[in-house]
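Generate the whole structure from the sequences, applying the supplied hints.
Heads up: the sequence lines are chains A and B, in that order. Read in order, the letters of the first sequence are residues 151 to 490 in this note's numbering. Read in order, the letters of the second sequence are residues -7 to 117 in this note's numbering.
By construction, these hints were calculated from the structure, which means they are not laboratory data. There may be inaccurate statements among the hints.
To be verified - With a straight-line cut-off of 30 Å between C-alpha atoms, the simulated DSSO-like cross-links for lysine-lysine are:
{"hint": "1", "chain 1": "B", "residue 1": "K72", "chain 2": "B", "residue 2": "K31"}
{"hint": "2", "chain 1": "B", "residue 1": "K46", "chain 2": "B", "residue 2": "K76"}
{"hint": "3", "chain 1": "A", "residue 1": "K347", "chain 2": "A", "residue 2": "K424"}
{"hint": "4", "chain 1": "A", "residue 1": "K205", "chain 2": "A", "residue 2": "K424"}
{"hint": "5", "chain 1": "B", "residue 1": "K76", "chain 2": "A", "residue 2": "K172"}
{"hint": "6", "chain 1": "A", "residue 1": "K172", "chain 2": "B", "residue 2": "K46"}
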Amino acid sequence: MKYTFPLAAVIALVLIAWIGSKIPGMQYLFGVVIPWLAVATFIIGFCYRVVHWAKSPVPFKIPTTCGQGYSLPWIKHDKLESPATTSQVVARMFLEIFLFRSLWRNTKAEVHEGPKLTYESSKWLWLFGILFHYSFLVIILRHIRLFVDPVPGFINVLEFGDGILQIGAPSIYLTDVTILLGLILLFGRRLINRQVKYISLANDYFPLFLIFGIVVTGILMRFFLRTDIDIVAIKRLAIGLATLQPTIPTNIGSIFYIHLFLVSVLLAYFPFSKLMHLGGVFLSPTRNLANDSRMRRHINPWNPDIKPHSYAGYEDEFREFMVDAGIPVEKELPPKADEE
Amino acid sequence: MYDRGIIIPGLIIFVLLVTFPIWYNHGVAGDVPKPELPKDSKKCVDSVNVMRSKHMQLLNEWRDEVLRTGDRAYFELEGKKYQKSLQNACITCHTSKKKFCDTCHEYASVTPYCWDCHLAPVESE
Ligand code: HEM
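As structure tokens, this is what we get:
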């Protein structure tokens, strides 16, 4: 099965961090060296990928449009589906990035008896996607509290909103529930939907399992396996990472090192994987180009530099040969001296 | 590279966002909070390690036991009897919220809502 290998890989990663962090002295490797290398790989790899993409020429304007393009004044222009100006493109990109607008148009094709082909709107992927991505974002923003001192005010607002249910102590975060739900649904979709299952590869399952591992270890650490999870000590370690003054407080539970190791693997894996859609969404030509090819000329960047060559110029260049060959010319050859 | 004018600023913004903790801290790791420990007692309800990492779970258990099962059993510590209680146990020894609980909580950015109802100790300046 295509998911057994990724699953085994994530389990192996957990075991490596679990056993590794118990060996005296190895805490420095798992707590400082690997996270640093992972962050460096993430940032350099990310920039490299984006620059690499930016080097690829776009020979044609290829915006995907599914609305009326800009035309005559009495024809209603669909500004979002067929943007003609930069500001309309920005609006379209904004909705794409923040609301996943193109997933909102997802359809499901089914063959019924007859045979009859039907298309039906299917918003589940959009829902699961939104659930997952926004929970992930809020969790990452909340984690900033572990890396900076003093903690900026907007983090407190997020913590308050996220913990608004005030259940238990430490109190439950809404995003912990919604991210788990999102992950389970996104994974379930790959198992249950036959077409999606067919096209799912190991590198679709691996990030899902890895993020699932990160979330589960985080939740276990906060609510269930708190032994030796002293947040003050962990924050000292995390700030040490951010200020390049690393310290490894003694006695942090293994579950923390497992969490951190899985995060490091995710960061290092990121630039080489489909997760680069984080940067890629900004660089999609089908989304970020304006449909203005009738107003502005798009020049293919690899066009050779061809100079215009008018007929008059052509005749100037070849007049002698043309006259020689008896081809009529508009302007005769200048009279020769001896003919006078 | 095409669209240099957009790609480079975009990448710079990305790197600045990702490295937020690095430049926000100005390279200062800061001090770990030192909560003021009680002078007239030596032992907490449990060992220091357990208290540091699990005191909120302990409080939560106590709260459930007291309010849901009515189990207000007393416990003994260094020959003195204490109630399972936030105000009548923790606060009798840790007499200052500001100099004890808050030091850590501010550092870790947690704001327990307990004090919405429970009386915080009167702080002696
Ligand atoms: C991809 C990045 C990460 C994800 C998705 C993630 C996810 C989670 C989740 C879901 C929790 C449960 C509690 C909560 O929602 O706050 C958690 C807790 C935790 N995570 Fe992460 N985490 C990430 C990165 C990190 C990093 C880099 C550290 C390193 C310091 C870290 C340290 C912790 C700690 C100490 C807790 C326990 C917090 C508590 O007890 O309040 N996490 N994590």
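message: Can you confirm whether the C-alpha distance between K72 of chain B and K31 of chain B stays at or below 30 Å?
response: holds (15 Å)
field: Satisfaction of hint between K424 of chain A and K347 of chain A, Cα-Cα up to 30 Å
entry: With Cα atoms ~17 Å apart, K347 of chain A and K424 of chain A stay inside 30 Å; holds.
30 Å Cα cutoff - pair K46 of chain B, K76 of chain B: holds (16 Å)
- prompt: Is the hinted pair K76 of chain B and K172 of chain A satisfied, with a Cα-Cα distance of at most 30 Å?
  reply: violated (36 Å)
- request: Starting from K172 of chain A, check that the Cα of K46 of chain B is at most 30 Å away, please.
  value: It holds: about 21 Å lies between the C-alpha atoms, which stays within 30 Å.
Distance restraint between K205 of chain A and K424 of chain A, which requires alpha-carbon spacing of 30 Å or less: holds (19 Å)
The structure shown violates just one earlier hint, number 5.
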